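S.K.: Place chain G on chain X using the hints.
2 protein chains.
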Amino acid sequence: MSDKTMNTNTNPEDTVLLDAVTWNEQGLVPVIAQEAVSKDVLMLAWMNRDALLETLRLGEAVYWTRSRQKLWHKGEESGHTQKVKEIRLDCDGDTILLLVEQKDRIACHTGAHSCFFRVMNKPKLTWDNFFEATKDLKPEDLEDFLNPKDRYPGA
Amino acid sequence: MSDKTMNTNTNPEDTVLLDAVTWNEQGLVPVIAQEAVSKDVLMLAWMNRDALLETLRLGEAVYWTRSRQKLWHKGEESGHTQKVKEIRLDCDGDTILLLVEQKDRIACHTGAHSCFFRVMNKPKLTWDNFFEATKDLKPEDLEDFLNPKDRYPGA
Chain X
3 MSDKTMNTNT NPEDTVLLDA VTWNEQGLVP VIAQEAVSKD VLMLAWMNRD
53 ALLETLRLGE AVYWTRSRQK LWHKGEESGH TQKVKEIRLD CDGDTILLLV
103 EQKDRIACHT GAHSCFFRVM NKPKLTWDNF FEATKDLKPE DLEDFLNPKD
153 RYPGA
Chain G
3 MSDKTMNTNT NPEDTVLLDA VTWNEQGLVP VIAQEAVSKD VLMLAWMNRD
53 ALLETLRLGE AVYWTRSRQK LWHKGEESGH TQKVKEIRLD CDGDTILLLV
103 EQKDRIACHT GAHSCFFRVM NKPKLTWDNF FEATKDLKPE DLEDFLNPKD
153 RYPGA
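Chains X and G, in that order, give the protein sequences.
What the first sequence shows, in the working numbering, is residues 3 to 157, in sequence order.
What the second sequence shows, in the working numbering, is residues 3 to 157, in sequence order.
Next up, chain X with everything else stripped away, as it sits in the complex (with noise of 0.2 Å):
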């Protein structure tokens, strides 16, 4: 997919739709990737009015990037694909999570299965990062390991 025009055709459903969200002063609005069978959460992105149609139109997540100002095809040069199974929006309309299936279980471009890998340890007040500590573990014992226990018993 490249970065011209597109979605020139938006019909009225797509408008009454995409009327639904409230856009940032930039037309953007932060989604949440949840990974729908694990319900991890596995990244934020954002996207604008033609990102959203285009997720739509291919059912595989379509964000825009604000570091590139372009469309992005999430997994376009990676692989790590991420088809669509729902799109939630909240009360006030301001958010949109995605339930997706991740392809290959790796949503970071760090090559982790989340982006949410660094943990805060409270005693010690550091960011662990548990995708290093992790990386090795079978991935049955990483929802053991990750799963939130007694690591927090300061909050």
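In case anyone wonders, no lab produced these hints; they're calculated from the structure.
Treat the numbers as computed from the prediction; the structure is a model and nothing was measured.
A few of these clues could be false.
Because identical chains cannot be distinguished in the list, a pair is counted as satisfied if it fits within a single copy or across any two copies.
Straight-line C-alpha distance at most 30 Å; calculated DSBU-like pairs for lysine-lysine [to be verified]: (1) 124 - 85; (2) 72 - 87; (3) 72 - 85; (4) 72 - 105; (5) 105 - 85.
M.R.: Chain G only, in chain X's frame:
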């Protein structure tokens, strides 16, 4: 808690912790609140440095409301506080994920469990309100009802 000055006694450890966060041009970071037990995504809100420090201090979620421009101890009026079980930071430091214990299992000001109760019905191109559809269901039935299976076959 008032919205007056606080944490004027920021210590060096806090500073290191806070400096790992990529604050946006308004000094804010988006924060995803996820229920620790169910892994449901509850809401998205924002924090500034003081909000994160207050969250650490209280052990309950404290956000920055952009509309009211003040610190907001979530649940201070409704009673629906969020006990923080874990704080995670994403790969590039520009999003925080809070794992919380949601008091009364109600995160949304509408009374809904999660703010993300509107679900896109792709064939109809509408946002269906699953809070209305589900508010009389028992919690154990709600999980089944909200679990995405075949509701979004077009994706």
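S.K.: Each hint needs a verdict: does it hold in this structure or not?
M.R.: Hint check results:
Proximity of residue 124 to residue 85 under the C-alpha cut-off of 30 Å is restricted to the inter-copy arrangement: shortest distance 14 Å between copies versus 35 Å within a copy. Proximity of residue 72 and residue 87 under a CA criterion of 30 Å is satisfied intra-copy only: 24 Å inside one chain copy versus 36 Å between copies. Proximity of residue 72 to residue 85 under the C-alpha cut-off of 30 Å is restricted to the intra-copy arrangement: shortest distance 20 Å within a copy versus 38 Å between copies. In this assembly of identical chains, residue 72 and residue 105 lie within 30 Å of each other by CA distance solely inside one copy; the values are 22 Å within and 40 Å between copies.
For the homomeric pair residue 105 and residue 85, the shortest alpha-carbon distance inside one copy (8 Å) is at most 30 Å, but the shortest distance between copies (33 Å) is not.
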